[in-house]
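S.K.: Sequence:
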Amino acid sequence: MRRLIPAVLLALMSFLPAPALAAPEEVQVYMDELNAKGEVGLDLHLNTVTSGSAVPDYPGQQLSLHRWRLTPEFSLGLGNGFEAGLYLPLATLRPGEPLRADGVKARIKWLAPHGAEGFYWGANFELGRVAHRLDENPWNGELKLIGGWRRGRWVAAANANFDFVVDGPNPGPASLELATKLGYRLGRETVLGVESYNGMGPLRGLGHLPGQEHATYLALDTKLGRWDLNAGIGRGYGTNADHTVVKFVIGVPIGPAK
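Per my numbering, the very first residue in the sequence shown carries number 823; after that it's consecutive.
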């Protein structure tokens, strides 16, 4: 049944509309992190566009340029490989403007049993509602297929992200993005790597990569005491209007040390 669910969802999504593209609230390749049953986690996603387009894609769109996206992600381990998450709120902040709450998103993740090294796989499903200034379509969803591998100093991961509109005035075909990560372990807690995010186009017509959004990041994963940190600087190309992006994912310690 666990193998059948992702296949059924993927088949259904090929008939669903796709969202209008917007600067993401999180820039992250999903790997094999998973809370233990009953464990609560908190990640803070921050990113800002330091250079890029100052022209909106549609009337009323909130520009990404020089705007910080600040998104707390709360998570709870459910056991049996499952984890629930809540992004609350999807907030933004730009100099001279008030802090804005632009929406909320929930997710459920599942990972198959796996060891500390070797191959792992799983899936993540998300559903969210955002303000018009962030996306023309208020309700959007995503199915993320997760795969990865660890061996010695090397780590690798890939996500197939199927994005679709649940409800909104600007529907289109469901789309696919491939996100990949290749890293080399410099020490016990530090990995230096490259993350790549590549739009592949609508499912009904994959291809024509120059006409899609792409971005590549140099990323560092490390620990600062009990705090986890993923930091990166990326360059957008293709049709990506965000030319230079700085991003952080900060794992905030909750509860006593283990």
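Quick caveat, the hints were computed from the structure, so don't treat them as lab data. Ideal placement from N, C-alpha and C gives every residue a C-beta, glycine not left out. Please note that a few of the clues may not be correct.
Beta-carbon label-pair distances, calculated as ranges [stated by the list, open to error]:
| # | residue 1 | residue 2 | range |
| --- | --- | --- | --- |
| 1 | 866 | 1038 | 39 to 49 Å |
| 2 | 898 | 1049 | 31 to 41 Å |
| 3 | 991 | 1079 | 47 to 57 Å |
| 4 | 991 | 1045 | 29 to 39 Å |
| 5 | 1029 | 961 | 22 to 32 Å |
| 6 | 1032 | 877 | 30 to 40 Å |
| 7 | 878 | 1070 | 41 to 51 Å |
| 8 | 1057 | 890 | 11 to 21 Å |
S.K.: Which hints from the list above does the structure break, by number from lowest to highest?
M.R.: 1, 2, 4, 6, 7
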